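Trainee: Chains as they are written, first to last, in the numbering used here: chain H, 97 to 194; chain V, 2 to 201.
Hint data in this document are derived by calculation from the structure and do not stem from the laboratory. Be careful, since some hints might not be right.
As the list claims (entries may be wrong) - A few chain V residues facing chain H, derived, Cβ under 7 Å:
#1 Trp25
#2 Ala28
#3 Met29
#4 Glu32
#5 Glu34
#6 Trp43
#7 Gly46
#8 Ala50
As the list claims (entries may be wrong) - Each computed SDA-like pair below joins lysine to any residue, with the alpha-carbon atoms no more than 25 Å apart:
#9 Lys133/H <-> Glu7/V
#10 Lys133/H <-> Arg57/V
#11 Lys133/H <-> Leu56/V
#12 Lys133/H <-> Leu178/H
#13 Lys133/H <-> Leu13/V
#14 Lys133/H <-> Glu119/H
#15 Lys133/H <-> Gly42/V
#16 Lys133/H <-> His27/V
#17 Lys133/H <-> Ile71/V
#18 Lys133/H <-> Glu158/H
#19 Lys133/H <-> Ile6/V
#20 Lys133/H <-> Asp113/H
#21 Lys133/H <-> Leu36/V
#22 Lys133/H <-> His38/V
#23 Lys133/H <-> Gly188/V
#24 Lys133/H <-> Ala24/V
As the structure is a prediction and not an experimental result, all values here were calculated from the model. Idealized CB from N, CA, C, for every residue including glycine.
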Amino acid sequence: MTTRSRPLSSQAVAVLDALDRDEWRYGLEVAAATRLKSGSLYPILVRMSERGLLEAQWLPPERPGRPARHAYRITGAGRTALAAARRPHHSLEPQGAF
Amino acid sequence: MAGFIETLLIDLATANPPPGREAWSHAMRAEFEVLEHGRAGWALGCLGASLGWRLRADWVFVAGFLVASILDFGAFHALVTFALLLVIPRDDWMQLANLYAAINYELALAPIVFCCGALAAYRPRYWLFAGLVTPILDNLISIWFMVAYFHQPLSVLARVRIMDARFDIGFGAELGYGLVAALIGRGLSEYFGRKPAKAA
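Bound-form chain V, shown alone:
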């Protein structure tokens, strides 16, 4: 088990290094291969160094991803809902449900779709991450907001509808939108030949 974790750590540390760091990644791995003791610590340190290089090389992508996930419609929607809850009496919360129903979710998904596409276009090799993790983190933040600020149990998700579908189906569709947008972004980027990222 320990061997598996060490190998996983060094695999993560040396997989797909940023431009200009390929030789250094191989160098860290070569030392790991000859190391007999303290392999886990070495691999963990390599992962830290690798993350540092990635952050330096891809900080715009990381910032864009975080902004997209945190400020995207999910959290924005939750904030608006929270604000409405403050002004609407508890007895009238059904009005809020009606308000949800009145919103066109396809249009509301436009920001996340745009963000997934833009992130993938900026860093085509991270298209899967952009298309998959951005909507997931966005929704996790929304759920956390709902639980933490609305004091609603998670079971309330069963009543949440996205695009007129059950939450799980709607969320799956949202992931699909994100992935398709990311694929299109990657395709556009490759078609128009973005310059490769500079070395960190």
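For reference, chain H alone in the conformation it holds in the complex:
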């Protein structure tokens, strides 16, 4: 599991942002929070999982007869990447300008 230094896309940041809490969230919840369609969301989840930015696990069904669901949670590396992405880039304005 290697963490690449490639910058995160805005969609990836949105996904990490949606997962930035201490609980597991399902794909549908992440999709609703980020307004991403499934066709965009899952490739992002896969990439970020492979980069170690999030972890995934199967949670048992909430009700009998329902399927087990895949849930996601941000990792420490994910929090670091998210913090880096949120950090403002070098400002063109000189410090102390009025």
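For this one, chain H is given, so just place chain V on it according to the hints.
Mentor: Leaving out everything else, chain V in the frame of chain H:
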């Protein structure tokens, strides 16, 4: 009907996922199962994601399939014929028909048979696709070429002979060749134990 289409889409999206994507395919399907609204959109998105994974995992197969279908004998034959039509006067087009008759079609089918076998050997689980769709697409391209560039009606197919047989019979035989070649390719691949594809 809508339910049928949604289910078909998600079935297509999650059937036979590429290596390393099985859990993700199940995950997309599990969300689909609990979804109450927007199921068709979700399933369509899953199909798009799944196609992307397949393309990444099998791009060599897809490229080989397209090259085999487009550049195979059918289209090549049509190109040669078109070139001949440019140089042969319209009144002498019967000469072209005689030229067709002089060609040994069994030998001419060798490229498509080889391509079907090679594609199936490369991706054994797609052997049916390789053996069936490659000859079909190859012939569709040939027919399109004939109609678009020769300005011939489709009824001219009735006069086209493949392997000295009527078009439909000859085409059926070509499909048979393709399928047998694909089966042999798959068998050889399994016998010699190709390594499974890497994750996309």
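Trainee: If a hint holds in the structure, say so; if it doesn't, say that too.
Mentor: The hints, checked one at a time:
1. Trp25: holds, 6 Å
2. Ala28: Ala28/V check passes; min Cβ-Cβ to chain H is 3 Å, inside 7 Å.
3. Met29: Nearest chain H Cβ about 6 Å off; hint holds.
4. Glu32: Check passed: Cβ of Glu32/V comes within 5 Å of chain H, closer than 7 Å.
5. Glu34: Constraint on Glu34/V satisfied, holds at 5 Å.
6. Trp43: OK, holds: Trp43/V within 7 Å of chain H, min 5 Å.
7. Gly46: Holds: closest Cβ of chain H sits about 3 Å from Gly46/V, inside 7 Å.
8. Ala50: Hint holds; Ala50/V Cβ to chain H Cβ min 5 Å, cut 7 Å.
9. Lys133/H <-> Glu7/V: holds, 15 Å
10. Lys133/H <-> Arg57/V: Holds - the C-alpha atoms of Arg57/V and Lys133/H are around 20 Å apart, at most 25 Å.
11. Lys133/H <-> Leu56/V: holds, 19 Å
12. Lys133/H <-> Leu178/H: The hint holds at about 21 Å.
13. Lys133/H <-> Leu13/V: holds, 18 Å
14. Lys133/H <-> Glu119/H: Measuring from Cα to Cα gives roughly 22 Å; hence the hint holds.
15. Lys133/H <-> Gly42/V: Judged against 25 Å, a Cα distance of about 8 Å means the pair holds.
16. Lys133/H <-> His27/V: holds, 17 Å
17. Lys133/H <-> Ile71/V: violated, 34 Å
18. Lys133/H <-> Glu158/H: With a Cα-Cα distance of about 24 Å, the restraint between Lys133/H and Glu158/H holds, given a limit of 25 Å.
19. Lys133/H <-> Ile6/V: Given pair Lys133/H, Ile6/V holds - Cα atoms ~18 Å apart, limit 25 Å.
20. Lys133/H <-> Asp113/H: holds, 16 Å
21. Lys133/H <-> Leu36/V: Status holds; Cα separation ~13 Å.
22. Lys133/H <-> His38/V: Holds, at about 13 Å.
23. Lys133/H <-> Gly188/V: Not satisfied, since the Cα-Cα distance of roughly 40 Å exceeds 25 Å.
24. Lys133/H <-> Ala24/V: holds, 19 Å
The structure is inconsistent with the numbered hints 17, 23, although it conforms to all the rest.
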